[in-house]
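**Q** Please construct the entire structure, taking both the sequences and the accompanying hints into account.
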Amino acid sequence: MVAALQNKDRSAFNYLYDNYSGALYGVIKRVVEAEDIANDVLQEAFVKIWKNIGGYDSSKGSIFTWMMNICRNTAIDEVRSKNFKKEAQNQNIDDFVSIVDSQNKVEQKVDHIGLKKIVQDLKPEHRILIDKIYFEGYTQDEVSKELEIPLGTVKTRVRAAMTQLREVMSDIK
Amino acid sequence: MNTSEYISSGILESYALGLCNATEAADVERMCASHPEIKAELEAIQLSLGNYAQAHSVTPPTSVKANIFNQIDELEKGEKIVEEKHQTKIIPISTGTTSNNTYKYFAAASIVLLGLSVIGNIIFYGKWKQANEQVIALNSEKNVLADGLKTNTVKLNNMQQSLAVMSNPDISRVMMKGVEKSPESLAVIYWNKQNKEVYIEVKNLPKLEDGKQYQLWAIVDGKPVDAGMLPLNDTDSTMLKMKDFESAQAFAITIEKAGGSASPTLEQMVVMGATNG
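So the sequences go chain by chain: Y and W.
Sequential numbering from 21 applies to the first sequence in the numbering used here.
Sequential numbering from -11 applies to the second sequence in the numbering used here.
Just so you know, the hints here were simulated from the structure itself, not pulled from any lab data.
In this text, a Cβ means the ideal position worked out from N, Cα and C, and glycines have one as well.
Honestly, I wouldn't trust all of these hints.
As the list claims (entries may be wrong) - Computed cross-link-like contacts, PhoX-like style, restricted to lysine-lysine with a CA-CA straight-line distance of at most 25 angstroms: (1) Y:Lys28 x W:Lys68; (2) Y:Lys80 x Y:Lys152; (3) W:Lys231 x W:Lys245; (4) W:Lys138 x W:Lys229; (5) W:Lys229 x W:Lys143; (6) Y:Lys175 x Y:Lys165; (7) Y:Lys71 x W:Lys65; (8) W:Lys53 x Y:Lys28; (9) W:Lys169 x Y:Lys80; (10) W:Lys92 x W:Lys68; (11) Y:Lys68 x Y:Lys28; (12) Y:Lys28 x W:Lys130; (13) Y:Lys175 x W:Lys27; (14) W:Lys200 x W:Lys211; (15) W:Lys195 x W:Lys169; (16) Y:Lys71 x W:Lys53; (17) W:Lys200 x W:Lys165; (18) Y:Lys152 x Y:Lys137; (19) W:Lys143 x Y:Lys68; (20) Y:Lys68 x Y:Lys80; (21) W:Lys53 x W:Lys68; (22) W:Lys65 x Y:Lys68; (23) W:Lys211 x W:Lys165; (24) W:Lys191 x W:Lys143; (25) Y:Lys68 x W:Lys195; (26) W:Lys130 x W:Lys117; (27) W:Lys245 x W:Lys143; (28) W:Lys169 x W:Lys245; (29) W:Lys68 x W:Lys138; (30) W:Lys117 x W:Lys181; (31) W:Lys229 x W:Lys245; (32) W:Lys68 x W:Lys143; (33) Y:Lys71 x W:Lys68.
What the hints assert, rightly or not - Far from chain W by the CB rule (all over 12 angstroms, computed), these chain Y residues: (34) Met21; (35) Glu98; (36) Ser101; (37) Pro144; (38) Glu145; (39) Ile150; (40) Leu167.
**A** Given below as structure tokens:
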């Protein structure tokens, strides 16, 4: 699979997109709420994946982890870019409401029914930590400030969250 | 730290979440490379997170996929175009087209130069020919002028001589008038009695037929004496020196056979004049 991708096999890339674009788009939408910008980020990220597939080293982790890092970094770069700041400044309250709605939609759009149930089993205080750190690229220090939770507590909860995640995920197998 | 301790330290979770700094990440990667069970544990953690991400999947609009593949197509086309550009840049050099072009350029330039040279030669040949003709014309003109000058010099010398003779106070002049047959004719004798020199100048003598020549006679003591021949066909000459005479009563010119006669043919007399002493 990886070898086919590195030979720029179009059908392998198609398979990659069909299997992972949903998860990656979900991550991007965590960072970039506006749908048109999220679409642009997904497109940019997949083109980067296509261009840089030769640099992927399977010994350093799964291809999904590698792709997810590209998507998350592209989304974070987009948030930091001037264009996004302008648009964010121009957003009115209605837009923010729609963002909240779309975030709710994310929950609703979970297509793996089993996974969705398992995720629901996670404690909300654990989920928000994983979401902030894993999806949005926050550091534990940033999470501590954002959620007004002491750094020590953040670190303890992250470990607990990961342990619980491992447990619930192992149930699938 | 043994393997299980390393796994339970929580560093793998931090790594999977992207919370490790560069040193820690390098350490995790090194441990994974040397301990398969640590690597397996990390993969399990990553899989859990991957599943968590899958649980939050949002299907992107179908237009995004089309856009991605279009952009990839354009990228590959662009790469091909770049490759083709490289090839078109390389091919001319390897096949020597550039040097051929250089030869063509030089050939074209030399043809143009040859053409200019031919045109130049035609123009210069024309000018040279013109100049040559002018030189020839000037040469002949010069010859004409030189001839004229020579003639004039001769005439001038004669005139100076005539003037010298005429201005000599010792000279006496004898007019010889035309006879009835040739009333227009005239001859003048300039005679220096001191040194006995005799000069003659003739005007309007009748033209002679071939084999005839004018002869000057001096009448000395009643007898005609040859005084010299006039030049053939000279009917209008400048001053000519004739034979010396100490004394003479008259001078006359008769038409004689060419080369002269011993005695004059009187009926063929043209002019005659008596001296005053």
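**Q** Please write out, lowest number first, the hints stated earlier that are contradicted by the structure.
**A** 9, 10, 12, 19, 25, 27, 29, 30, 32, 39
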